[in-house]
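Chemist: Chain residues, written in single-letter form:
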Amino acid sequence: MARVKLTDVTKQYDDVTAVDEMNLDLKDGEFICLVGPSGCGKSTTLETVAGLTKPTSGTITIGDREVTNLPPKDRGIAMVFQNIALFPHMDVYDNISFGLRLRNFPQDEMDERVDEAARVVRLQGMLDRMPSEMSGGQRQRVAIARAIVRDPDVFLMDEPLANLDAKLRVNMRTELQRLHKQLDTTIIYVTHNQAEAMTMSDRIAVLNKGELQQIAPPLTCYNQPANRFVAGFIGSPSMNFVDATVGDGTLDADGYSVSFDTTAIDGVAEGDAVEFGIRPEDLYLADNSGEAEDPSRTFSVTTDVLEPMGDEIFVYLKPILDTTDDGGMTDFEERQGLLMSVDPATDIREEEDVEVALDRARIHLFDSDTGDAISHGVVADADIEAEAERDGAQAD
Amino acid sequence: MSIDARNHEDAETFDGTGDESGGEPGDDENRSPIQRWADDWIRNPEKAYAVMLVFLGGVLLTTSLFPLYWLFNVAMAPPGQTDIPLIPATIDLSAFVQVFQQVPFARFMFNSLFYAFTVTVFVLLVASLAGYAFGRLEFRGKTPLLFALLVLSFFPPATLFIPLFRAFNQQVPMLGLFTLPVEIYGTPGAVVAPLSAFTMPLAIFILTTFYGQIPDGLEEAARVEGTTRLGALFRVIMPLSAPGVATAGILTFITVYTEFFFSFLMTGNSAAEWAPVVDGVIAFQTQYTVRYDLQAAASLIAIIPVAILVVVAQDKIISGLTQGALKE
Chain A
1 MARVKLTDVT KQYDDVTAVD EMNLDLKDGE FICLVGPSGC GKSTTLETVA
51 GLTKPTSGTI TIGDREVTNL PPKDRGIAMV FQNIALFPHM DVYDNISFGL
101 RLRNFPQDEM DERVDEAARV VRLQGMLDRM PSEMSGGQRQ RVAIARAIVR
151 DPDVFLMDEP LANLDAKLRV NMRTELQRLH KQLDTTIIYV THNQAEAMTM
201 SDRIAVLNKG ELQQIAPPLT CYNQPANRFV AGFIGSPSMN FVDATVGDGT
251 LDADGYSVSF DTTAIDGVAE GDAVEFGIRP EDLYLADNSG EAEDPSRTFS
301 VTTDVLEPMG DEIFVYLKPI LDTTDDGGMT DFEERQGLLM SVDPATDIRE
351 EEDVEVALDR ARIHLFDSDT GDAISHGVVA DADIEAEAER DGAQAD
Chain B
1 MSIDARNHED AETFDGTGDE SGGEPGDDEN RSPIQRWADD WIRNPEKAYA
51 VMLVFLGGVL LTTSLFPLYW LFNVAMAPPG QTDIPLIPAT IDLSAFVQVF
101 QQVPFARFMF NSLFYAFTVT VFVLLVASLA GYAFGRLEFR GKTPLLFALL
151 VLSFFPPATL FIPLFRAFNQ QVPMLGLFTL PVEIYGTPGA VVAPLSAFTM
201 PLAIFILTTF YGQIPDGLEE AARVEGTTRL GALFRVIMPL SAPGVATAGI
251 LTFITVYTEF FFSFLMTGNS AAEWAPVVDG VIAFQTQYTV RYDLQAAASL
301 IAIIPVAILV VVAQDKIISG LTQGALKE
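Those protein sequence lines, which keep their order, are chains A and B.
The opening position of the first sequence corresponds to residue 1 in UniProt numbering, with each subsequent residue numbered one higher.
The opening position of the second sequence corresponds to residue 1 in UniProt numbering, with each subsequent residue numbered one higher.
These aren't lab readings, by the way, just hints derived from the structure by calculation.
Taking lysine-lysine and the DSS-like style, the derived pairs with C-alpha atoms no more than 30 Å apart in a straight line are:
id : chain 1 : residue 1 : chain 2 : residue 2
1  : A       : K73       : A       : K181
2  : A       : K54       : A       : K27
3  : A       : K54       : A       : K73
4  : B       : K142      : A       : K54
5  : A       : K54       : A       : K209
6  : A       : K73       : B       : K142
Given the structure is predicted, the values throughout are model-derived calculations rather than measurements.
With the hints as extra help, turn the sequences into a complete structure.
Modeler: Have a look at this one:
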């Protein structure tokens with residue numbers, strides 16, 4: 001059990017900066033996930049903590065020891081690898097006790113510890129098997145037993161579940177959580193699977209291009225993403241992003257606009273180009289807009305493709321533009337389409353015009369240039385809404 | 001071709017020969033057995049391959065085993081007999097015992113085995129370190145260095161004999177600075193040192209290839225578990241490269257055991273002076289007599305250690321040892 005601290009850690013390979021001034025401060029016993037797309041530097045970060053890669057600059061502290069220049073064996077860490085990396089020429093017992101033998105543990109204590117570790121990962125009675133005789137899940141459990149048997153200060157896990165099949169992955173996920181509760185050790189877990197990150201970790205560190213984007217509890221990353229990258233990376237399916245312009249109390253996108261109180265938000269002024277983000281579950285059909293916390297006025301869109309998932313239907317929506325010429329844009333995102341999730345019982349068909357509303361409280365505004373979040377949720381502009389209400393009443 | 005041409009006399013002749021050369025199926029009876037046989041082989045090439053394989057195997061076995069059989073025949077013949085029959089007249093194994101009685105042949109064999117064993121251990125150790133560096137590390141000048149090794153292995157060892165002979169006799173200063181502290185000539189060192197150098201490049205190449213194939217994850221796992229890089233090399237990488245280590249080891253062992261030039265010239269002629277096994281075989285040749293039967297018996301005995309080694313090591317060369325190490 002120990003605190004782990006990375007200060008200004010940078011790793012450069014020739015002309016590529018794999019990790020750029022990373023600062024992380026992990027509390028004792030914390031389960032932290034490093035997530036990000038391939039090549040974002042999450043594995044390199046983990047390797048610098050493990051000592052397998054030496055950072056170009058910066059310092060790493062485990063507990064109250066600075067370990068930047070220590071070899072891996074002296075850092076009090078254990079690691080579980082993506083490719084499992086059991087020693088194929090040794091049986092399970094020898095694999096698990098490898099680290100203990102190197103540290104000259106007496107035989108009886110070694111036996112005791114190996115038995116205990118095997119019990120924790122439910123591998124009793126398999127100690128004399130060879131890795132080649134075991135299934136993927138069993139091998140992964142041996143790798144975990146090998147890591148816990150030494151009672152390390154910090155666990156490092158580099159996509160340990162990536163090579164398992166989907167069902168096993170979910171099983172091992174809960175087992176890892178159980179293990180963390182049981183051992184109460186600091187765990188740094190690298191994954192590109194955001195479901196793993198969301199479900200297991202105390203905090204998520206989102207990385208992109210070697211830079212830390214946000215480090216926060218999973219729900220904070222989900223509800224208050226620090227920037228457009230985090231907003232797009234966390235959540236499946238991804239958040240909708242729409243280019244818009246700030247008007248006089250409105251957010252004007254192609255084909256529709258949403259009214260909001262521009263004065264209530266710092267950093268936006270009329271005429272600003274912004275990008276707004278809205279998650280698929282925060283879009284509502286007109287009939288259901290009452291479920292939203294703060295529904296906007298409805299606007300018309302055309303449905304494109306439907307994806308029935310069983311528990312919900314994903315509906316791709318095309319905004320209705322003044323001009324029929326879409327400028328040759330075929331990509332859904334390019335056309336500023338919206339993805340909406342609706343109840344599976346909804347009666348909805350492809351290529352029909354529907355009325356939808358956004359939940360204003362769940363609109364995220366991002367700076368178009370920097371991608372930084374400006375605001376999470378906007379509030380209605382009272383004047384405009386009142387006016388609209390009057391218009392609506394007159395029309396009726 | 002005009003219509004006239006078809007009715008020409010020559011046209012008839014042409015049709016006739018065409019029939020005989022057998023382009024048509026169904027007229028087997030018109031053809032010779034050889035033609036039918038060739039036709040069968042063309043249609044079923046696997047038959048041809050099977051016959052070729054047996055033939056080639058037979059030739060190879062005969063050429064490699066017949067000399068051994070001939071040695072055995074010579075050993076069976078009575079002393080002085082030069083007319084060796086194809087099948088020995090009597091089976092008399094006394095020559096195999098006499099070999100050890102007339103000269104200290106066991107000591108000669110020990111000398112050669114000692115050279116082979118020492119050089120193999122030394123070469124495997126040093127080549128492992130080199131193989132690790134070349135196979136698993138990135139460093140500047142790696143390719144030129146490997147290339148230099150390759151060039152070294154092409155170098156004819158004989159050209160180095162004179163300078164080495166003088167250096168080992170303390171006649172020339174090494175690098176122009178110092179002479180060797182002791183005279184190495186006539187000691188095992190005078191054989192082990194040059195032969196290690198000559199067998200090293202091949203061993204390095206073999207081990208580089210094998211060590212380079214061990215997945216990084218395994219080495220990293222070993223290092224995280226508590227080994228140094230060296231520890232990971234000897235505890236994980238080397239055991240997993242067993243086939244490669246065995247290959248390099250056996251090649252080195254056999255090369256040194258059968259080596260003649262350096263081991264003959266760098267040592268004395270008697271067994272006590274560290275003479276190699278070849279000296280033991282030559283020892284049956286005196287100024288006046290040559291005991292061909294004993295030489296043949298000695299040669300056969302000298303083969304035994306290498307033969308045993310190859311048979312035993314074949315079991316050790318197990319490929320697929322890394323199966324299950326990593327999930328593919």
